[in-house]
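*Asks:* Each protein sequence line maps, in turn, to chains R and U.
Under full-length UniProt numbering, the first residue of the first sequence carries the number 1, and numbering increases by one thereafter.
Under full-length UniProt numbering, the first residue of the second sequence carries the number 1, and numbering increases by one thereafter.
Check each hint, because a few of them may be wrong.
Computed spacing ranges between beta-carbons, pair by pair [to be verified]:
#, chain 1, residue 1, chain 2, residue 2, range
1, R, 69, U, 46, 48 to 58 angstroms
2, U, 46, R, 33, 41 to 51 angstroms
3, R, 238, U, 82, 27 to 37 angstroms
4, U, 121, R, 72, 27 to 37 angstroms
5, R, 29, U, 19, 17 to 27 angstroms
6, U, 82, R, 280, 36 to 46 angstroms
7, R, 156, U, 16, 54 to 64 angstroms
8, R, 69, U, 27, 43 to 53 angstroms
9, R, 29, U, 12, 37 to 47 angstroms
10, R, 239, U, 32, 30 to 40 angstroms
Just so you know, these hints were derived from the structure itself, not from any lab.
By construction, the Cβ of each residue, glycine as well, lies at the ideal position given by its N, Cα and C atoms.
For reference, the chains in residue letters:
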Amino acid sequence: QMLVDREQMEMLRGRRGLPISTNTFDYATYHNLDEIYAFMDLLVAENPNLVSKLEIGRSTENRPLYVLKFSKGGTNRPAIWIDTGIHSREWVTQASGVWFAKKIVQDHESDEGLASILDKMDIFLEIVTNPDGFVFTQTQNRMWRKTRSKHSGSVCVGVDPNRNWDVDFGGSGASGNSCSETYRGPYPNSEPEVKSIVDFVKSHGNIKAFISIHSYSQLLLYPYGYTTTPAPDEKELHEISEKAVAALSSLYGTNYKYGSIITTIYKASGATVDWTYKQGIKYSFTFELRDTGRYGFLLPAKEIVPTAQETWLALMVIMQHTLDHPY
Amino acid sequence: DIIDVGHKYYLELVLEDILDKDSTVNCTAEVLYHLGSKNIAPDVQFTLEGELKNADEADNVFYNRIRSLEKELVAENIPDSHGNVPPEMEPIHRLAWVAAGYVIWQNSTENTKFHLAQIKHVKQTKRSDEYLEFDYMILLHEMVSQEIIPWQMTVLWHPQHGVQVTQDSRQPKHTLE
């Protein structure tokens, strides 16, 4: 009877277009928010001893902000944070986040490197960091980048969540115009999508690496974005980046550049990893994934898995280094 | 740095055929950004060290196909949200790419970095002469400001006479909020 019931449930799920198991989930296509949230629940259900789902807050439009926690135990272990989809139009990032989640589950015992990381550390993964924006890209405007907040006094909707952090807020690397794609917002952490991460990081207190993932340009970046003054740990961050990029390129020959945000891409004030670095999270990095402009935000779905695979190699280098260099 | 004139860049680049990754041509170029003025396109001089691959056959196939269409071609969202370009739209996409290159050149400064993000809309206008004419509405992505800029351009093409952008204009950002 239990088998029949299960089959019925699977048929219902299949008919509604929702994934049936994370093994039949199609990683090589773009999914909507419901499908990704359903995937998360499936992953947790299939791996209850490794994966749990945390709600760290709610978006402006009251959507839950979910973080997956991968942990083999302990209490408040030193942790690695990875987020994707903070800019909603960067679809290869959310898609890669889904792939990373499955990869961790698949490899957590069979891959020596990952197993040893998880023996001592936890991994937190926020796949859809900006769900309101994500839904907007699916329903109204594929090129939407920001959140969907409406602040009094603002003519236009939305704040750039990667300019809303409390470092050099008001600086010239962001805009004060609400209609701009790089609008910093009315004040730091005005966006619940940002505040929820700030609160999480502060209350956790033991995050040792923070990686925020964007697209496109094929870059690996470290602080600072707001100033040309080198970060105190620049030398080490540069060396890690060199190794991470070499690992990434080794898979498909994809070329990445690396360096500080301000010297490699442009000045940015109120950027995520400037804040996390100033909080004391030494290993703070930002990725810009494929491609370099041919398809840009509209990266063909067939590139999702190769992009995720190569990026994972770089993430492993960063995580391994974090494990080997406790601080 | 050229005093009172502007900034000159000397470039060495490799051109790669998108349809044949092994087919490459070396190229050198000089780009001069004029001081002060934002309304003058940078000067570009270039030298190709070799020949570009001949595309006559593919050009003619495309040309004849469009000429023989009963109704004027109309299409939207190329690529679509998932990055797909239907095979029959590939040449339309590539033509937009080339034409957008001209628009980008005319509007570039040392502080801009443009890419063609998407063709929102394209409509063919049948002509009595031999040229193909397409009216495009494209989206340009400007990297530094991160803005998506709609731009209209009218493009003429002929297999022997190449590409011409006869008209182009920046469009207001849609308050499609």
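*Asks:* Take the hints in turn and mark each one as holding or not.
*Replies:* Hint check results:
no.	hint	result
1	R:69 x U:46: 48 to 58 angstroms	holds, 54 angstroms
2	U:46 x R:33: 41 to 51 angstroms	holds, 47 angstroms
3	R:238 x U:82: 27 to 37 angstroms	holds, 36 angstroms
4	U:121 x R:72: 27 to 37 angstroms	violated, 53 angstroms
5	R:29 x U:19: 17 to 27 angstroms	holds, 25 angstroms
6	U:82 x R:280: 36 to 46 angstroms	holds, 40 angstroms
7	R:156 x U:16: 54 to 64 angstroms	violated, 40 angstroms
8	R:69 x U:27: 43 to 53 angstroms	holds, 51 angstroms
9	R:29 x U:12: 37 to 47 angstroms	holds, 40 angstroms
10	R:239 x U:32: 30 to 40 angstroms	holds, 38 angstroms
Violated hints for the displayed structure, listed by number in ascending order: 4, 7.
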